[in-house]
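Starting from the given sequences, assemble the full structure and let the hints guide the process.
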Amino acid sequence: MNTLVLNKDKKKAKKDILNIVWLLIAIIIISISLFPIFWMFLSSLKTKREAASGVFFPANPSFEAFKLLDYTFFNSLIMTFVGALISVSLCVVINLLAAYAFARLDFHGKKYIWAIILIPMFVPGMTILVPLYLLCSELRILDTLFVLIIPGVAQATHIFFMRQFFLTVPKSLEDAAKIDGANEFQLFLHIFVPLSSGPSFIVALGAFMGYWNAYLWPVLVVERESLKQIMQVVQSYRPSHDPNWPLIMAASLIATSIPLIIYFAFNKRIVDSLKISGIK
Amino acid sequence: MNKQSKRSKRKIKYKNDLTAFLFIFPAFFLICFFVIYPFISSIFLSFYDVKVYEENIFVGFKYYEIVFKDKNFWRSLGVAFEYAGILIPVQFGLAFLIALFIKKDRLGSKAVKSTIYVPNMISGIVAGTIFSLILAYDSGLLNKFIGLFGIDPIPFTNDMPMLSILIPGIWLGLGYITLVILAGLNEVPKDYYEAAELDGANSFQMFFHITIPCMKNTLIYLLITSLAANLQQYELSMMITGDLYNGATTTPNYYIYNLLTYQNRRSQAIVASLLMFIILGTLSAIVFSMMKSEKSSD
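Residue numbers (the working numbering), protein chains in the order written: chain D, 1 to 280; chain R, 1001 to 1298.
Bear in mind the hints are in silico, worked out from the structure with no lab data behind them.
Mixed in with the good hints there might be a few duds.
To be verified - Over the 12 Å line for every Cβ pair with chain D, so calculated as not near, a few chain R residues:
1) F1039
2) G1060
3) Y1064
4) I1066
What the hints assert, rightly or not - EDC-like mimics (lysine to aspartate or glutamate), calculated; alpha carbons at most 16 Å apart, straight line:
5) K1071(R) <-> D1243(R)
6) K1104(R) <-> E1187(R)
7) K48(D) <-> D1138(R)
8) K1051(R) <-> E138(D)
9) K110(D) <-> E1054(R)
10) K228(D) <-> D143(D)
11) K48(D) <-> E64(D)
12) K171(D) <-> D70(D)
13) K111(D) <-> D1017(R)
14) K1103(R) <-> D143(D)
15) K171(D) <-> E184(D)
16) K228(D) <-> D70(D)
17) K1216(R) <-> E1187(R)
18) K15(D) <-> D1105(R)
19) K48(D) <-> D242(D)
20) K1103(R) <-> E1187(R)
21) K1062(R) <-> D1049(R)
22) K275(D) <-> E1187(R)
23) K1110(R) <-> D272(D)
Note that beta-carbon positions come from the ideal geometry of N, C-alpha and C, so glycine has one too.
Quick look at the structure:
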């Protein structure tokens, strides 16, 4: 009897120790994921000298560095956000429409058009960079919001991904609406769009991140101050010698905060959505 | 009867053409105009001296020769494969360990699951900035840290340039790989493990004989897509190590970027990027045919 209790106690103690070990591992993993972001935040509160000397905590944490952020920075923050919203809406609408047609409609030349639509999946962005730049310069659309948004709106990967999803929708749903006399557009709008909120969210998130974090394309096509994109401005805060680290970190922090807010607002959705985006 | 129904079917097909056209047109037009046309013209332009305000001059294979003879180009390819070749095994190993850790309902596993993806939301530019501060010689946190153990400061970005871009690279992409592997782990049928347990298999045997084979498709897909993505990395090199130090971290895209922005050598950049297309396009073709064959086997 006694030994049995003792055994139980032993087992419990063993479990407790194991739990502590697991918790420790969890804390280590979380700290590694989040530490660089925390360091960015901490450095933005330091004085220039503190940041340059590598002190861990600032003696007098202050938001001085944030005050140095100029009009160009906040203007680019707003412009990039507006551009991202337009880009996301166009991206979702255009790619969903095309994906629907390839998944659910029958038409002439479908196979060939599908093959053409997929070509961008095999062409890296760098390969078309120069000709695309020359094309836009010939069209005289450089230095406009248009050139930042439109060339990246139609994405083969998004169309492919959404088509795979539309293929899985059972035909019976469609047939019921067809009997009621709905046309293809009504069918798409009232049956397929509501069903596809999950995968559309992935497309929207991908479009947003792609636009927000873009660097090379804006650098090539935008010179006007008022159109500068956020990553362009963040990068420009960093001269090769004597960098003002608190200022750079303050700019980086604000530039990163918007994707982070989106991430934490839709945390569960994003984590769950990766399950479907992975392979299917 | 049969003929008639065929004909009416065909009629419906024709009627659908207009609807389908309206659905497809925006995407089709944009892709043709902004991707396919530039792609074809990049093949043409690779045989020309590309000028902006003057007429292009036909030069044949001149720039192909220049790129093929340019040691820096071959070096950049080597750098990219070295970078991806070290990054991917480390990242996949860590991702597997973390995924196995959060798969079971343990204390803290939920918190890990919801924070591991955070670095994926950060741009290469910002990550490069943070890590260049952490790795800095005089003020870097890492040097302060190893100083605690009495180690003299190391000029990381100078002495270990590859490591200096590998650390942020691994950090940036780990969350995505982990969560996709986790999703794959959850799809392995549980009764396989139960059956193996009855046969007396240990967890190592189960991992290599059940888990890995069941996840084969997910893993190959992840492997090839992350290979293609990491071969194109340039932002970390640009922000952390730069083009100095004999181009030890100059990847092909960074090499092309430098040709375009500093040296204004457009034609050479086009030829180099076409060669990258051959490599990366082949990788994408493998992924694509894999996805197709997988679908048909279902």
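Tested hints:
A cut-off of 12 Å between C-beta atoms contradicts the statement that F1039(R) is not in contact with chain D; the least separation is 5 Å. Consistency note on G1060(R): stated as away from chain D, and its beta-carbon is indeed over 12 Å from all of that chain's, at 19 Å minimum. Under the 12 Å C-beta cut-off, the non-interface status given to Y1064(R) relative to chain D holds; the minimum distance is some 15 Å. The beta carbon of I1066(R) sits about 16 Å from the closest Cβ of chain D, which is more than 12 Å, so the claim that it is off the interface holds.
Our distance criterion of 16 Å between C-alpha atoms is met by K1071(R) and D1243(R), whose separation comes to about 15 Å. Taking the CA atoms of K1104(R) and E1187(R), the gap is near 14 Å; set against the 16 Å cutoff, the hint holds. Straight-line distance between C-alpha atoms of K48(D) and D1138(R) comes to about 14 Å, which keeps the hinted pair within the 16 Å bound. This hinted pair checks out: K1051(R) and E138(D) have alpha carbons roughly 12 Å apart, not beyond 16 Å.
The suggested pairing of K110(D) with E1054(R) is violated, with an alpha-carbon distance near 41 Å, which exceeds 16 Å. For a cut-off of 16 Å, the pair hint linking K228(D) to D143(D) stands: about 9 Å separates their Cα positions. Only pairs whose Cα atoms come within 16 Å are accepted, and K48(D) paired with E64(D) is accepted, the gap being roughly 10 Å. For the hint pairing K171(D) with D70(D), the CA-to-CA distance comes to about 56 Å; that exceeds 16 Å, so the pair is violated.
A threshold of 16 Å between alpha carbons decides the hint, and for K111(D) with D1017(R) the separation of about 13 Å falls inside it, so the pair holds. Under the criterion of a C-alpha separation no larger than 16 Å, the hint pairing K1103(R) with D143(D) is inconsistent with the structure, at around 49 Å. Taken as a hint, the K171(D) and E184(D) pair is honoured in the structure, with Cα atoms around 14 Å apart against an allowance of 16 Å. Proposed proximity of K228(D) and D70(D) is supported: the alpha carbons are some 13 Å apart, at most 16 Å.
Distance hint between K1216(R) and E1187(R) is fulfilled; the C-alpha atoms sit about 12 Å from each other, no more than 16 Å. The straight-line distance between the Cα atoms of K15(D) and D1105(R) is roughly 14 Å, inside the 16 Å bound, and the hint therefore holds. Distance hint between K48(D) and D242(D) is fulfilled; the C-alpha atoms sit about 10 Å from each other, no more than 16 Å. Using a Cα cut-off of 16 Å, the hinted pair K1103(R) and E1187(R) holds, with the two alpha carbons roughly 11 Å apart.
The straight-line distance between the Cα atoms of K1062(R) and D1049(R) is roughly 9 Å, inside the 16 Å bound, and the hint therefore holds. The hinted pair formed by K275(D) and E1187(R) meets the criterion: a straight-line CA distance of about 10 Å does not exceed 16 Å. Under the criterion of a C-alpha separation no larger than 16 Å, the hint pairing K1110(R) with D272(D) is consistent with the structure, at around 13 Å.
Comparing the model with each numbered hint stated earlier shows that hints 1, 9, 12 and 14 do not hold.
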